[in-house]
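Here are the chains, one letter per residue:
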Amino acid sequence: GAGVSQTPSNKVTEKGKYVELRCDPISGHTALYWYRQSLGQGPEFLIYFQGTGAADDSGLPNDRFFAVRPEGSVSTLKIQRTERGDSAMYLCASSSLGQGGETQYFGPGTRLLVL
Amino acid sequence: GDSVTQMEGPVTLSEEAFLTINCTYTATGYPSLFWYVQYPGEGLQLLLKATKADDKGSNKGFEATYRKETTSFHLEKGSVQVSDSAVYFCALKDGNNRLAFGKGNQVVVIP
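Respectively, the protein sequence lines represent chains R and Y. Residues 1 to 115 (my numbering) are what the first sequence spells out, left to right. Residues 116 to 226 (my numbering) are what the second sequence spells out, left to right.
If we strip away everything but chain R, and leave its shape as in the complex, we get (with noise of 0.2 Å):
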């Protein structure tokens, strides 16, 4: 079956723009994570959603970055005025149910450059 789906795989922006980065989890999966990972780095916790409503997001650094899931399914990242340190890879991750031992499975990710 389909994996998870991220789009667009690259996107270029100008220091103060707005972006949104959009995650297509597995199908039926409840949870949907959000990661960020930085050059020579492991991925890093952003935000955590269980069905709609955003479970933990305590990862988020700072009120430019904001995160929905309206429908239970999609989500999409949203970073406010970019700055240059925002640059790294956006990753989105899928599980079943978010409890116990569950995998998290992982899409191709959103390689994000603020110029």
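There may be inaccurate statements among the hints.
[As the list claims (entries may be wrong)] Computed far set for chain Y versus chain R, every beta-carbon distance over 12 Å:
no.: 1; residue: 129
no.: 2; residue: 176
no.: 3; residue: 224
[Said to hold, decoys possible] Under the rule of at most 30 Å between Cα atoms (straight-line distance), these lysine-lysine pairs were calculated in the DSSO-like manner:
no.: 4; chain 1: R; residue 1: 11; chain 2: R; residue 2: 78
no.: 5; chain 1: Y; residue 1: 218; chain 2: Y; residue 2: 192
no.: 6; chain 1: Y; residue 1: 175; chain 2: Y; residue 2: 218
no.: 7; chain 1: Y; residue 1: 167; chain 2: Y; residue 2: 183
no.: 8; chain 1: R; residue 1: 78; chain 2: Y; residue 2: 218
no.: 9; chain 1: R; residue 1: 11; chain 2: Y; residue 2: 218
no.: 10; chain 1: Y; residue 1: 218; chain 2: R; residue 2: 15
no.: 11; chain 1: Y; residue 1: 171; chain 2: Y; residue 2: 218
no.: 12; chain 1: Y; residue 1: 218; chain 2: Y; residue 2: 167
[To be verified] Going by beta-carbon spacing under 7 Å, a handful of chain Y positions derived as facing chain R:
no.: 13; residue: 154
no.: 14; residue: 155
no.: 15; residue: 158
no.: 16; residue: 204
no.: 17; residue: 211
no.: 18; residue: 213
no.: 19; residue: 217
no.: 20; residue: 218
no.: 21; residue: 221
no.: 22; residue: 223
no.: 23; residue: 225
Keep in mind the hints are simulated off the structure, nothing from the lab. Note that this is a predicted model, so its numbers are computed, not measured. Built from N, CA and C at the ideal position, the CB exists for glycine as well.
With chain R's structure known, arrange chain Y on it following the hints.
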């Protein structure tokens, strides 16, 4: 908070050599432990996992055992191939369903 530490630096070895990548963790509870792999140009893929102490995860010739007494989850493979060249990440899943990753180790297998 919960965290994962991987050994420093890339790993370069010859084909058919034995591979070990060390991973230790710090956690307040009893996390699940994972190894993810990132092949060149591809996304993160789950390699193996273990959900409780003394569990052994295995896949594609790789193994790792959840050692609670040493808070470790070292990855091993007895005979590596060129196709195993990739970046390997150790991770734990905390009680809030967040994954905490180590920095990753690049493995280069020379023919």
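Okay, the hints, checked on the actual structure:
{"no.": "1", "hint": "129", "in the structure": "25 Å, holds"}
{"no.": "2", "hint": "176", "in the structure": "20 Å, holds"}
{"no.": "3", "hint": "224", "in the structure": "20 Å, holds"}
{"no.": "4", "hint": "11(R) with 78(R)", "in the structure": "13 Å, holds"}
{"no.": "5", "hint": "218(Y) with 192(Y)", "in the structure": "20 Å, holds"}
{"no.": "6", "hint": "175(Y) with 218(Y)", "in the structure": "22 Å, holds"}
{"no.": "7", "hint": "167(Y) with 183(Y)", "in the structure": "9 Å, holds"}
{"no.": "8", "hint": "78(R) with 218(Y)", "in the structure": "26 Å, holds"}
{"no.": "9", "hint": "11(R) with 218(Y)", "in the structure": "24 Å, holds"}
{"no.": "10", "hint": "218(Y) with 15(R)", "in the structure": "28 Å, holds"}
{"no.": "11", "hint": "171(Y) with 218(Y)", "in the structure": "22 Å, holds"}
{"no.": "12", "hint": "218(Y) with 167(Y)", "in the structure": "23 Å, holds"}
{"no.": "13", "hint": "154", "in the structure": "12 Å, violated"}
{"no.": "14", "hint": "155", "in the structure": "13 Å, violated"}
{"no.": "15", "hint": "158", "in the structure": "4 Å, holds"}
{"no.": "16", "hint": "204", "in the structure": "5 Å, holds"}
{"no.": "17", "hint": "211", "in the structure": "5 Å, holds"}
{"no.": "18", "hint": "213", "in the structure": "4 Å, holds"}
{"no.": "19", "hint": "217", "in the structure": "5 Å, holds"}
{"no.": "20", "hint": "218", "in the structure": "5 Å, holds"}
{"no.": "21", "hint": "221", "in the structure": "9 Å, violated"}
{"no.": "22", "hint": "223", "in the structure": "15 Å, violated"}
{"no.": "23", "hint": "225", "in the structure": "22 Å, violated"}
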